[in-house]
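Asks: Each chain, letter by letter, is given below.
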Amino acid sequence: MTSTIDAPRSPYSRSPQKRGVNWEKWGWIYMRVSGVVLVVLIFGHLFVNLMIGKGVDALNFAFVAGKLANPFWQTWDVLMLWLALIHGGNGMRTLVNDYATTQLTRGILKSSILAAVVILIVLGTLVIYTFDACPAGSPANLLPSFCSAN
Amino acid sequence: MRSAHRRPDIVVAAISQGGLVMPQQSAATLASQQKTTSLRPAGTLYRGREGMWSWVLHRITGVAIFFFLLVHILDTALVRVSPEAYNGVISSYQTPIMGLGETALVAAIVFHAFNGIRIILIDFWNAKYQKVMFYVVIGLWVVTMLGFVPRHLYNVFNK
Ligand code: HEM
Chain A
1 MTSTIDAPRS
11 PYSRSPQKRG
21 VNWEKWGWIY
31 MRVSGVVLVV
41 LIFGHLFVNL
51 MIGKGVDALN
61 FAFVAGKLAN
71 PFWQTWDVLM
81 LWLALIHGGN
91 GMRTLVNDYA
101 TTQLTRGILK
111 SSILAAVVIL
121 IVLGTLVIYT
131 FDACPAGSPA
141 NLLPSFCSAN
Chain B
151 MRSAHRRPDI
161 VVAAISQGGL
171 VMPQQSAATL
181 ASQQKTTSLR
191 PAGTLYRGRE
201 GMWSWVLHRI
211 TGVAIFFFLL
221 VHILDTALVR
231 VSPEAYNGVI
241 SSYQTPIMGL
251 GETALVAAIV
261 FHAFNGIRII
271 LIDFWNAKYQ
281 KVMFYVVIGL
291 WVVTMLGFVP
301 RHLYNVFNK
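Protein chains in written order, with the numbering used here: chain A, 1 to 150; chain B, 151 to 309.
It is possible that part of the hints are untrue.
[As the list claims (entries may be wrong)] Cut-off 27 Å, straight-line C-alpha distance, at most; resulting in silico cross-link-like pairs (DSS-like, lysine-lysine):
# : chain 1 : residue 1 : chain 2 : residue 2
1 : B       : 309       : A       : 54
2 : B       : 309       : A       : 67
3 : A       : 25        : B       : 278
4 : A       : 25        : B       : 281
5 : A       : 54        : A       : 67
6 : A       : 18        : A       : 110
7 : A       : 54        : A       : 110
In short, the hints are calculated from the structure, not lab data.
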């Protein structure tokens with residue numbers, strides 16, 4: 001791919017009005033802002049799921065259901081879902097820009113990234129908000145303890 | 151050309167020109183303006199040594215985490231299907247091999263997170279300390295992994 005490179009410090013060739021929103025700039029800012037928030041969200045997520053108690057060994061439906069029945073963890077997880085997928089998707093877009101050379105492969109790869117991000121955000125959000133911690137007819141020993149309380 | 155906006159050397163230069171603009175010049179342009187016979191390009195953070203390796207690692211870990219995340223959302227979505235479906239796939243993860251995989255994944259995330267903070271500090275604070283900050287990242291990574299790995303492997307191998 002060839003591109004003409006302006007001399008350093010030369011002014012924009014297009015006027016500010018014609019340039020419109022600088023999406024690359026906002027993407028650049030988004031990577032940094034989301035990154036800072038993700039450190040907290042992901043480290044907390046890993047700590048609670050892998051470090052407390054018996055760690056991975058304790059993970060099962062009852063554990064996850066207990067967390068997702070709590071609005072605090074619902075909010076935590078939904079934030080993490082959106083921020084991480086958009087951050088990761090935008091990062092992958094950067095890689096495609098760097099390494100994919102033909103218009104066709106760039107288009108296919110970027111559309112696939114976009115599709116994956118959109119589908120998983122919709123799926124994940126639906127799961128978090130339509131989730132039933134005590135599905136009827138499931139064996140009580142698989143459910144969180146609060147299910148049998150009522 | 152490589153997109154210039156991830157190259158703090160250029161971004162810093164851009165900021166000093168008055169704001170968060172993303173100039174399209176490459177490192178080669180910068181280097182060719184140097185009046186020196188040195189083979190090492192000056193004015194670049196990202197060619198060779200700490201600056202380059204941190205970038206390579208940041209990229210590889212970012213991609214690895216992205217693909218893991220795709221799978222991770224799908225397996226977690228099984229909680230919406232049934233307790234049996236979710237427990238089935240999770241118990242297939244609770245094996246020694248997967249336990250080692252999780253260790254590698256956490257190692258990748260912790261590096262990406264700390265180095266991400268380093269990138270942000272380079273961009274908004276000072277690029278002068280990028281090398282020192284790289285070793286701080288490695289140090290914090292070692293400490294975090296020392297806190298995590300023994301405990302995780304204990305959980306994985308002691309059933
Ligand atoms: C833990 C907190 C995280 C922090 C602090 C962080 C920080 C950053 C920063 C500052 C960048 C550079 C953006 C740029 O140069 O414009 C970046 C790139 C990237 N991140 Fe993250 N990130 C985090 C989590 C994640 C997660 C969870 C994923 C995957 C879903 C991810 C995937 C990526 C990818 C693919 C890139 C592009 C790499 C490149 O351009 O070389 N990051 N990250």
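Asks: Could you run down the list of hints and mark each one as holding or not?
Replies: Evaluated hints:
1. B:309 - A:54: Between residue 309 of chain B and residue 54 of chain A the Cα gap is close to 10 Å, so the pair holds against 27 Å.
2. B:309 - A:67: holds, 24 Å
3. A:25 - B:278: Holds - the C-alpha atoms of residue 278 of chain B and residue 25 of chain A are around 23 Å apart, at most 27 Å.
4. A:25 - B:281: holds, 26 Å
5. A:54 - A:67: Since the Cα atoms of residue 54 of chain A and residue 67 of chain A sit roughly 16 Å apart, the hinted pair holds (cutoff 27 Å).
6. A:18 - A:110: Cα-Cα ~25 Å, so holds.
7. A:54 - A:110: violated, 40 Å
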